[in-house]
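UniProt numbering applies: residue 1 is where the sequence shown begins, and numbers increase by one.
It should be emphasised that the hints constitute simulated quantities derived from the structure, not laboratory data.
Heads up, simulated DSS-like pairs for lysine-lysine below, C-alpha to C-alpha not over 27 angstroms straight-line:
1. Lys365 <-> Lys409
2. Lys464 <-> Lys507
3. Lys539 <-> Lys565
4. Lys158 <-> Lys178
5. Lys123 <-> Lys147
6. Lys276 <-> Lys302
7. Lys565 <-> Lys528
8. Lys128 <-> Lys409
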Amino acid sequence: MFLNKVLFLDGKFGGVTNLHRTMFGGNAANLSLSKVGEIALKLVPKPLQGPEPKFISLLQLCNTPRNLEQIQTQITVRGLDQDEYTMPLFLLKCFELNQFCCARQLFDQTTYPSSYLWNTMFKGYLLKNQHREVLVLFRLMRNADEKPSCYTFSIILKSCGRLFALREGEEVHCVVFKTGLRSNTFVGTTLIDLYSRTMQIKCAHTVFSEMVLRNVVTYTSMINGFIENGDLTTARRLFDSAPDRDVVLWNTMIVAYIECRDMTEARKLFNVMPMKDLMSWNTLLNGYAKSGNVEECEKLFKVMKERNIFSWNGLIRGYAHNGHFVEVLCAFNRMLTVSEAQPNDVTLVNVLTACARLGALDMGKRVHSYAVSIGYKDNIYVGNGLVDMYAKCGVIENATDVFIRMEVKDLISWNTIINGVAVHGQAVAALMLFNQMRDACVRPDGITFIGVLCACSHMGLVSKGFDYFQLMVNEHSLVPQIEHYGCMVDLLARAGHFEQAVEFVHKMPMPADSVIWTTLLGACRIYKKVGFAVLALQKLTELDPNNPANHVTLANIYGDAHRWKDVAKQKVAMRDTGFKKLPGHSSIEVDDHVAEFYCFDERHAKTHAIYGALKGLMKTSISCDTSWNLINEP
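Whole structure, please, built from the sequences with the hints as guidance.
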């Protein structure tokens, strides 16, 4: 099949040489990347003839180590392994495909590497975060008596900064001094970044002060150094004195105020900013979202003339992080309708979180389909969000299916599915998943053991629960938190070991919280422990005095014991607190919108129609002689 096409092209373009030029030239991108590189090399029985641009096209097509090896063979045959133009391009492709050893081997075989080739190696290691290799190669360069350029020094110093290698950075600084490049703006800016990262802010400022020429990048680096070292006052003073301020410097200062939760100063600076780009607007928008000021976040979003996906994500994240989950879904629907912005993984994760909290299963399924359609099927963050959404929406089978299909699973993936199946009462599955997690060499954390202990509680596995509790402490060196002790108390109370649960609470290394005392108060009703219930209520009154539900529980315990006077006292006590028990509420999903209803709630726009339908249902039930247990309507 392919041979026929080659013969056709050979006749059309006038021979194999022209075919090479056509395949390797501007039309190369229209062909299969993996096949063209392989086939093209097979078509050449002898060293390639013609200019080096053919190799540039081949390198653009190369996307596998095998293709790279074939191109290397042709470079060697052509004698281009010493060519100062071909080799840097080939070395960068080696780094792009993570073939570090190949790049280093070829570099070592070069008889007289040029300064450009040295810098290519440095650049490749830097881009792939191989900072230690950068320093090793720099020593080799000095031993070879090769003179570093200012570009070389900037890369070396960047690697020292990323490694927080102050001693090595100081040694490089000495070399910079000896080579007469200490006044170079490019090198000086990198030195400032190095000393700022290693908490040597005085040294950074000394370098800054000794620089003859300072540009806006230099000022940005120094100001950012003060910010990273917690000196916002000096940073602002230097910002105000900067002779030239570009949009990056303005944004740097605004972000500093946002990180310090000073949105007032951030907004003041934003208002006087002479040139605001989209990043500036998005920075302030995300600042309001992060600080919990949803109202200002909405106002800013409305006046933005231009928006991208980061703008929408800022608004959606603001809603999600502040509990406005209905608004998350509304904003997402609006984005899909009126905007050309395409959702990314951040968008989908926040929307899935909202679906999980609202129980919006239909919307969650829609997001799932959408994620698959735009290529986020294998994204681990989206996958974790889907598992969590399906688990919290009650469809644990779908959650398990998504988890099984995930090609890559991290600790969050395992924690989400283990806790999900445990909450759904599938304790056996939860414990099996925990064993699979350990077999996969994923180290469990405290959240993992909350799910495991919860599973033991559902099954009444008291002995097993204590074994896992000890496993957490002894084998994994995890310090039990209040949540783990709460699980153990619940385990003992559910299994009928009330006295042991109380003893466990007394032996805890920290005071019991309201959750634990609520668990014990609930157990008092089951086991008719009226005396201890009074003590539990006293503790709850100290910890959570504004929760009348505790008085309701104790009143029910008194009622079970036929102590009606004490029931009346609890009702009076509940009234005296001035708080009412939170009404029950439910939600329903209709046409991708979630409506919430509270008991006696009349705020809904269609309240009259809803209560009219309810009356109709009640009349129908009466005529059908069906028993209803409804609260009185308002």
